[in-house]
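Note that the protein sequences, when read in sequence, are chains A and B. Take 1 as the starting number for the first sequence in our numbering and just add one per residue. Take 1001 as the starting number for the second sequence in our numbering and just add one per residue.
No wet-lab data here; the hints were simulated from the structure. If you're wondering where the values come from, they're calculated on a predicted model, not measured in any experiment. Beta carbons: idealized from backbone N, C-alpha and C, even for Gly.
Far from chain B, by Cβ distances over 12 angstroms, these chain A residues were calculated:
#	residue
1	Lys9
2	Glu18
3	Ala79
4	Arg85
5	Pro92
6	Gly107
7	Ser114
8	Arg117
9	Val125
10	Phe128
11	Ile139
12	Leu146
13	Ile151
With a straight-line cut-off of 30 angstroms between C-alpha atoms, the simulated DSBU-like cross-links for lysine-lysine are:
#	chain 1	residue 1	chain 2	residue 2
14	B	Lys1009	A	Lys133
15	A	Lys29	B	Lys1009
16	A	Lys133	A	Lys29
17	A	Lys29	B	Lys1002
18	A	Lys29	A	Lys124
19	A	Lys2	A	Lys15
20	B	Lys1002	A	Lys133
21	A	Lys15	A	Lys4
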Amino acid sequence: MKEKDEFLKQMENLKVPEVNPNEHPQMVKMAIMNAGRSAALGVWLIVVPCYFLFCVFMYYFSHIRVGSSWFAAMFTLMASLDKTRYIDFLGPVIMVVLPIICIIINGLAITHVSVLRPGPDQSKVREFNITIKIRVWNILLILVSLAILGIFISYVMTENISISN
Amino acid sequence: MKLNWFTRKGIIYWPASIIGWVILVLALAYAIYTFIDIDSRSHSGSDTMINFVFNLLLIGLIYTVIAYFTEARKVD
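Here chain A stands alone, though its shape is the one from the complex (with noise of 0.2 angstroms):
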């Protein structure tokens, strides 16, 4: 009889451990596209107008004159380009969609989006979440592609302007 009662004690006084189930569940959050692969890709992708750039660079240190510009380089470039036959589109390409797809492709590989329930209790309730993964190659690509468009954008309405005027 004293054992029993020992053990109802014992039983009465044990923990039980606290659940909660409001609790956010662990999630995979999988990415749309394999991040190393776009990596990869990327670097091919913005290499073709990096190089470009660099000319244009190179063209204006060794050009230094009197009212010569940066983009007055790039002007002697692209009008060059848009000369030649059969490559006449080539400098649109590869200074505007090359970057957009390394944009897309790196984007799409640190990505995760999901609409959820924030709990039981809140049925019509939705919430939108973007997690963005934070890998370093593929950002950093995402950010030069975003240079390249700004530097093309730019050059394009500066020669817009320029000829209006």
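The hints should help you fit chain B onto chain A, whose structure is shown.
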């Protein structure tokens, strides 16, 4: 359709089958032809190199795009 023509090591794709090797040899042959063609029309060594590197990078880009879609994918 699953093609295993190339394998990736870093940012370089290496051939993993005969078709992959054929594509690599064709790319190299076209690069050599481009070099000879540019060299015959250029006025100086730097003129040749500037234009040839531009073409070489374009050939490398096209080769990488082909390899990207036909590489042997590892199961993680």
